[in-house]
Amino acid sequence: MKPKTFQPPRWAERLIGRIAASDLQEEILGDLYELFQKRIRRFGLLAAQLFYMLDIVLLIHPRLWRRAPEKVQPSLYLADSSTPNPIAMLSNYIKVAFRKLNRQKSYTAINAVSLTMGIACAVLIFSLVKYHLSFEDFHTGKDRIFRIYSELHGEKIAYNTGVPNPMGQAFRSEYAVAETVGRIAYLPKRVVSLPSGNRFEEDIAFADPEFFSIFNFPLIEGSASHALQGQNAALITEQLARKYFGDSDAVGQTLRIDDSLMVRVTGVLANLPDNTDFRSQIFVPFGNLQRHSPWMVEKDWWMSVNKEMQCFVRLKPGISAASVNTTVFPAISNRHYDKEASKYFRFKLQQLADVHFNMELRGKTDKKNLYTFAWIGFFLVLTACVNFVNLATAQAVARSREIGVRKALGSQRGALFWQFMTETAVIATGALVVAVGLAYLSVPMVNQLFEINLSINPFKDIHLLAFLVTLLVVVVFCSGAYPGLILARFQPVVALKGKLTQSSPHGFSLRKGLVVGQFAISQLLIIGTLVMTNQLRYSQQANLGFEKNAIVILPVPDNQTSKITSLKSELNRLVDIENVTFFDTPPASDAIGRSNMQFDSRPEHEQFMISIKAADDQYVPMFKIPVLAGRNLNPSDTIREYLLNETAIKALGLKTMDDAIGKAATINGRRGTVVGVVKDFHFRSLRTAIEPLCMTTRGEAYGSCGLKINLSNMSSTIARLETEWAKIYPSSIFTYRFMDEDVERLYKLDNVLLRLFQAFAAVAIFVGCLGLYGLVSFMANQKTKEIGVRKVLGAKTSDVLWLFGKEFLQLLLIAFLVASPLGWWFTNNWLRDFAYHIEPGPGIFVLAIMITMLVAFFTVGFRSIKASLANPIKTLRSE
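According to this note's numbering, the residues represented by the sequence shown are 1 to 879, in order.
Bear in mind the hints are in silico, worked out from the structure with no lab data behind them. Among the hints, a few may not be true.
The calculated DMTMM-like cross-link candidates involving lysine to aspartate or glutamate, where the alpha carbons are at most 25 Å apart (straight line), are [stated by the list, open to error]:
no.: 1; residue 1: Lys663; residue 2: Asp590
no.: 2; residue 1: Lys348; residue 2: Asp277
no.: 3; residue 1: Lys307; residue 2: Glu221
no.: 4; residue 1: Lys624; residue 2: Glu646
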């Protein structure tokens with residue numbers, strides 16, 4: 001029977017563990033245990049326990065107390081190195097990474113170029129999105145600043161940035177919901193004359209003094225509260241003051257605007273920031289609008305709105321826009337309109353932050369476009385990361401022996417993982433630096449394309465710097481994490497034997513999936529580019545219903561009847577001028593007024609709003625707009641006559657066009673007679689369906705002159721035009737433009753988007769080709785001997801090409817199945833913004849895959865042919 005074993009007291013063992021140095025504990029406790037067992041056999045258990053406790057007390061001595069162990073520099077490679085030096089490890093990682101990347105120059109170049117292109121696009125897109133989102137964010141209390149806009153309700157709702165002239169005063173005096181109300185009216189391209197005789201063309205803003213209490217536009221000279229007091233006051237920006245008067249004091253200087261308005265500079269504004277939509281650099285009191293442009297101001301007239309006549313308010317704290325929309329504006333409509341008109345004229349508040357983005361209210365860009373750009377930037381960076389992952393996992397087999405040796409020397413999985421992450425970080429950091437430089441160099445082109453003032457400087461822009469740091473971390477993690485895990489988990493025995501193959505069920509199936517994703521992104525961008533190209537070509541080649549070629553448009557600075565008559569008479573004498581007409585807007589324009597209509601003594605206004613064009617009797621024949629019924633307008637401006645379009649006749653519910661001829665109609669408060677019906681023409685862009693239209697003579701509204709000219713003597717004709725112009729308007733600046741340019745300007749934003757899509761699609765294809773070339777190169781190196789054997793057995797170059805191409809053809813077709821439905825959905829969603837648009841047919845999708853296939857096969861074929869031309873004797877001589 002085995003004798004019973006007694007243990008010493010546990011508390012004594014714990015005490016030694018607390019007070020004694022770790023390198024002495026095992027020796028002390030072992031000696032005490034041996035003495036304890038001997039004393040049990042000699043003196044018994046009780047005596048042994050007493051002696052044990054006495055020994056413990058005697059051992060409480062400073063020499064046994066805990067002390068810091070000696071610091072020994074551990075090896076970086078030994079498995080028992082539990083506390084390696086992080087700085088030494090990082091230094092080693094970086095050194096090894098540079099050596100590795102230097103040995104694999106093609107691998108490094110492909111990854112670096114891919115990441116550089118993707119990151120450069122992402123930086124540009126981020127800066128562009130950030131620029132647009134920053135608009136008007138510098139105003140104090142911006143959340144309480146709103147613009148009043150008009151909703152004109154008919155069969156469809158029409159939106160207008162303008163309001164009736166009396167709205168500002170009514171909102172200010174009748175309802176105590178606003179701290180401040182300020183009106184502003186814009187008149188573009190007015191002639192400003194200086195005392196020196198110099199003349200400049202500037203955009204003028206007529207504003208209430210309260211406007212500068214709403215917005216933060218500080219004055220560097222003068223007082224904001226008094227600067228616009230008095231009819232002859234004016235504010236100009238610092239930039240304009242320097243342009244006009246140099247280093248002289250601008251305050252007190254006089255300016256003449258269009259020979260009809262003399263003002264004196266009473267204050268100088270700080271230069272307007274880039275992120276504001278208020279671009280006028282000259283502000284004059286709103287009361288001057290009556291003297292300068294009386295047609296825009298009718299004091300008590302509520303029945304029309306002009307997009308340039310706008311009203312801004314700052315609500316009192318606690319007052320919500322929703323409550324104003326539901327209570328105040330209905331009350332204003334009921335008070336100032338009759339029962340029928342109040343149904344059509346409705347008003348609402350628009351948040352200041354929405355002014356820049358609401359395209360229905362003349363915003364500068366659509367947020368949907370910004371979101372689209374953001375997604376494109378994400379996909380481009382993702383495509384570059386896919387290249388990195390694909391090439392890294394493809395090279396895992398080639399690096400297997402290296403990993404096996406490192407593991408045999410004691411490297412842990414974590415060390416191997418961070419070694420690869422360091423390699424990734426080195427490439428990504430270098431790519432980021434170069435990408436920021438490329439983005440910086442691309443800024444002038446982007447500014448010219450968008451007509452903005454974008455800048456890229458991460459040292460001054462904390463948001464951009466934070467984005468770059470975040471992007472670097474994300475790119476390093478996305479590109480390096482998975483390949484690092486693949487490499488770190490290799491078994492050293494298998495790796496050293498070189499038995500790893502491309503049949504691994506994890507890394508290489510993922511690689512195929514990533515290639516599919518890469519192809520799908522490229523095809524998606526190609527489909528979008530093709531659809532946008534076809535739609536814009538359709539818009540430019542569509543029959544708009546009027547003549548747009550060989551027509552020159554001149555702005556009319558002064559629409560006095562006598563001057564217009566004299567100019568028309570002089571221009572008609574010129575040999576190369578075929579016709580002359582005066583009007584407010586050309587046939588295709590986004591600047592057109594609307595009003596309600598009361599037809600043929602009906603007691604109620606019609607159930608639609610009608611657009612209005614002011615034009616003389618030569619407008620219809622010069623622009624070749626067919627008259628389908630009745631006659632054209634008479635030259636006389638004293639008798640009110642109306643021309644309606646086909647859509648207006650349909651909206652009136654008339655059976656035939658002749659039923660409208662001779663009927664009376666009241667439009668914009670003016671009663672006249674319908675004398676003719678013209679064929680429908682597109683007087684807005686193809687985004688908008690043709691609406692009811694009325695054309696009438698109204699001399700005081702004419703702001704442009706149109707001329708049909710002979711293009712064979714273009715330069716001499718323009719010179720004679722300028723001479724005749726100077727006779728009538730000697731103090732004005734002669735400018736002109738072509739009608740077809742006006743039409744193209746309607747699609748300017750779409751053309752910009754198309755060019756960006758083309759650029760991004762090209763980048764995606766280029767990055768994809770780099771990755772594809774890298775993969776094929778690696779496969780060619782891996783299959784060198786196989787290709788040699790095939791050639792010895794009689795394989796042709798086409799056979800070798802098919803050997804590499806068949807796998808990528810399958811992946812490309814799978815990518816097409818992914819990209820096609822997504823492309824169809826995105827493009828149809830974009831086309832819905834056009835009332836008249838193409839229908840994307842199968843040809844577009846077939847062309848997209850053909851382009852991708854052509855580029856892919858060119859890339860694969862180039863490397864495959866190079867591999868097939870290698871001499872099999874050299875590749876097989878070691879076998």
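Hint-by-hint comparison with the structure:
1. Lys663 - Asp590: violated, 29 Å
2. Lys348 - Asp277: holds, 20 Å
3. Lys307 - Glu221: violated, 31 Å
4. Lys624 - Glu646: Holds. Lys624 to Glu646 sits at ~16 Å (cutoff 25 Å).
Hints 1, 3 from the earlier list are contradicted by this structure; the remaining hints agree with it.
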